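Residue numbers (full-length UniProt numbering), protein chains in the order written: chain X, 1 to 609; chain C, 1 to 609.
No wet-lab data here; the hints were simulated from the structure.
Hints may be right or wrong, so weigh each one.
All copies of an identical chain are treated as equivalent in the list; a pair is satisfied when it fits inside any one copy or across any two copies.
[Stated by the list, open to error] 35 Å max Cα-Cα, derived DSBU-like pairs, lysine-lysine:
hint: 1; residue 1: LYS416; residue 2: LYS580
hint: 2; residue 1: LYS481; residue 2: LYS604
hint: 3; residue 1: LYS295; residue 2: LYS189
hint: 4; residue 1: LYS288; residue 2: LYS189
hint: 5; residue 1: LYS234; residue 2: LYS319
hint: 6; residue 1: LYS235; residue 2: LYS185
hint: 7; residue 1: LYS580; residue 2: LYS319
hint: 8; residue 1: LYS272; residue 2: LYS295
hint: 9; residue 1: LYS604; residue 2: LYS269
hint: 10; residue 1: LYS235; residue 2: LYS416
hint: 11; residue 1: LYS16; residue 2: LYS419
hint: 12; residue 1: LYS319; residue 2: LYS558
Nothing here was measured: the structure is a model prediction, and the numbers come from that model.
2 protein chains.
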Amino acid sequence: MMKETFFPDDPLRDFKDQSRSRMFILGLQSIFPIFQWGRDYNLTKFRGDFIAGLTIASLCIPQDIGYSKLANLSPQYGLYSSLVPPLIYAFMGSSRDIAIGPVAVVSLLLGSMLQDEIDPIENAADYRRLAFTATFFAGITQAALGFLRLGFLIDFLSHAAIVGFMGGAAITIALQQLKGFLGIKNFTKNSDIVSVMHSVWVSVHHGWNWQTILIGASFLVFLLFSKYIGKKNKKFFWVPAIAPLISVVLSTFFVYITRADKEGVQIVKHIKKGINPSSVNEIFFTGKYLGIGIKIGVVSGVIALTEAIAIGRTFASMKDYQLDGNREMVALGLMNVVGSMTSCYVATGSFSRSAVNFMAGCQTAVSNIVMSCVVLLTLELITPLFKYTPNAILASIIISAVIGLIDIEAALLIWKIDKFDFVACMGAFIGVVFASVEMGLLIAVSISFAKILLQVTRPRTVILGNIPRTTVYRNVQQYPKATKVPGTLIVRVDSAIYFSNSNYVKERILRRLMDEEEELKANYLPRIQFLLIEMSPVTDIDTSGIHALEELYRSLQKRGVQLVIANPGPVVMDKLHASKFTDLISDNYIFLTVADAVMTCAPKMLEEA
Amino acid sequence: MMKETFFPDDPLRDFKDQSRSRMFILGLQSIFPIFQWGRDYNLTKFRGDFIAGLTIASLCIPQDIGYSKLANLSPQYGLYSSLVPPLIYAFMGSSRDIAIGPVAVVSLLLGSMLQDEIDPIENAADYRRLAFTATFFAGITQAALGFLRLGFLIDFLSHAAIVGFMGGAAITIALQQLKGFLGIKNFTKNSDIVSVMHSVWVSVHHGWNWQTILIGASFLVFLLFSKYIGKKNKKFFWVPAIAPLISVVLSTFFVYITRADKEGVQIVKHIKKGINPSSVNEIFFTGKYLGIGIKIGVVSGVIALTEAIAIGRTFASMKDYQLDGNREMVALGLMNVVGSMTSCYVATGSFSRSAVNFMAGCQTAVSNIVMSCVVLLTLELITPLFKYTPNAILASIIISAVIGLIDIEAALLIWKIDKFDFVACMGAFIGVVFASVEMGLLIAVSISFAKILLQVTRPRTVILGNIPRTTVYRNVQQYPKATKVPGTLIVRVDSAIYFSNSNYVKERILRRLMDEEEELKANYLPRIQFLLIEMSPVTDIDTSGIHALEELYRSLQKRGVQLVIANPGPVVMDKLHASKFTDLISDNYIFLTVADAVMTCAPKMLEEA
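Could you put together the complete structure from these sequences and hints?
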């Protein structure tokens, strides 16, 4: 039972009956899967990984520079985060298709939570330190969840809530880009649609810069068109993948030639050259920012994890390999811990880059290593060239990237399948767009939890009837042919009976009996003498559940109705015995099947009649 | 579906098709049940209520004075809380047996949380104001839970956790009484057993007062003996009920005669005469204490509610009448709101006094009105007489009262039935005794929640086999006769498939398939060609669940195994259709019963073989 609950995947199965040295190698391989798949690695695989790595590198460089702005950090920190974390992941992770690095939603969330605490412009040094602190604890959180086998906790964010949250975040991110896209100087710090639109409106007469808009708009059209081509024909997947880099090169060249920056076109200005400096001493391990860092780290770590695991699972099921969620979390966590010490902020799996990685034919995590090398060369050699890159182009790249996060089809499907899920989806969406990222997240989590609570506290109880000329008893609402047995009410409880639902189950059964009795009375039919509970779906019962049964038994006795139990499972039966409930109701009223019970009860009814 | 979830009791059923005036009367009766049962009230019933009322009054007066000390309030506030709230409850409540007033555990909890914020001696006025504020918001919380039909939330405290919490609270309360019982002057403010024992030990040489111990011990023996008599013979239930009052009268008289207070025997000294003054203006509606008051109010309100509802349900099931939990919560809530405005602190149903009330033959809530009148007379006339009552006697009364909360039998039963429940029980117990009341409560709530989460995320999956010579398929672990069908793995999922468990279900099924394949390979048996999921216990599915099924289908296809669905319910079937999952798997692989599915799959296996 314990094993089934916490170790359903039996993680130590391979270690059984092995020699010491073999166990050491297995242990090493389980921490560093690269030692496992690395032995079968060959040139053919490397060819795929190399091409995929180059493709995602060309996509990630402009994205990284843009995303670091969402996190209110200087552009180089985005590139740093695409250098170290992918390397660590390549050694420890088990997904073959995920592309690691900074992502839009986590950057926005982190930036938005951090700037509530420290002003990123006035106090840039402390802001950066808090960002590393949050990254460190995000990593610790992720690794701890995996290590303690609590990975299932991230399943508590429902798919519907994630769809809404992602869509809302995408719109929020796109709106934020209006600042760079329109060249507005005084822009609101709030991320809700009302504040942003107000900023845009106020600045309409003097704040907009037409040169900026021209550059941004023309390249946005180019980027969206390249996306369209990639979507139309899968063979051209590389077109949208390299379009951003082309845009950056072209626009930078254009600005350099025309010196448009003197006309008010804002440019990146400066990216620090060189690879990641150490940031071990910058993490707050004491003081008032420690608690804040932990809080922000936990939230952003969990969201990053949710995204990475979802991506990992999607591609694992497409290529049909197993992904161990808990082990994956440890890998992602350690990657961020190391990242936080090497000037990176929270990195995770990127939806868009992983898809490109997959389509470009990646074979293993080596594509991440290739990407990492390209980023390294970029940092060492060509960062100065980004000086004249206009901010508008980064805005266009981000807009065209996040549009893919708005999944209208999924939302429509949710509407069709489950209205309650749709409420969760829209709640998260509206929360993000009209209030803040944190509020949307809170709404998403709350609605997800409410659904779980309702599921637990309100199990289904159905009335069974006999399918004529058989000994089969089925739900009368589902099988119109099923007929109720006269004088007997057969109720099936479709859940374990625990403290969380025992009172509901008891009251629901009594209410069903009362409804039935009213109906029978109205039709002058014989009254109910036996209430039969079909227990086969009741997988377990606890003390509260047994109390509820006892109370039910007593209430029924007072009404002259006999409680009968059919088909209790072995676990439930043991507990009914241990609690002496079987003595109370007497073994004569516990049966193996509903048919047995009905057969025994029917003659007794005749006697009384 | 919505109705089934939120209105399973169909609260408006009586209002259907009624005239306006009738609806008004019904509405009035549903808010004030006294107008309903009051019409059948007669002298015989009053006789029962009168005797019961006098009995519980004699029990409550000494208890109230003692309990107010637990809440760090002057003695009259305990009496006030036995005057107004029972009156309000008598008009609005629907339990016939509950006795309303201050109770030990809530007094301790309130006192312990309040003194963390304000010192009750140095700043008595603000402390009292915060107590009323907390009471006000306790009432608001209770009424809101009832009004919003969220009453089921209190079911989240499991029975086991409550048993442990109550036992721990009883021991903590008893230990606190050592101060009065031993006449110690410098006593710790902490409630954990280590601090208390340290206080007792430090004061052993100069702090103990032998006269106090003599009075306390002799009356404690008397009280426990009277309890023993009442337990031996139910006819003498009144002996333990009036023993406390007799003890108070005798000991007060004794101290007055001997002037033992001059020998260091601590006495009550002063109880304010007169009935409840208004405290409307004392409640903090603004300022820093508002938030604290709300927090303490919510916690103590929920605990008070849990106790009252548990009592109400117990006696309702003993006398077989229905108790509407949500309506009851509104009544208890409004009672505390009014109480907070009339100098009362949180009142609720008392276990010990309700039992006495029941045994003394109460018929309706009129016994509470009788009790209330006796308390009124006490406050108006005889409070000055309590001046010489020794504190030791109050300590003895409280000790003998709370001993009944330690339910060793229940704990043993929990151990026998469910080991996990026992952990919850002991966790709460140890938390209260060794740390603090709040810590015990936190442990109780956390463990209860953990159990729910595990229940939701880890549904059972079982392998089914055919019972020879029938078309019945049962769990092979439960029915050793059931034999697996060659080439087919039949798995039953015993829960709705939601986002919270969809990944687990998918991975568990795949794992079961892999285990099975390994076993078959080892025995040179034909491989699995069909994986059949028996869906009858799957009451519902959401988008995440359908995604998991799709992923499962794809993984199985890659392994050359066909997914087959048997007996999906109508709700599930609709959703499988809406999501086009039925197109993916094809309708040919969805069957009404497992037997149908096996019959169709068997020939196909022969073809291939």
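Item to complete: Taking the numbered hints from earlier one at a time, note which ones the structure violates and give those numbers from smallest to largest.
Response: 6, 9
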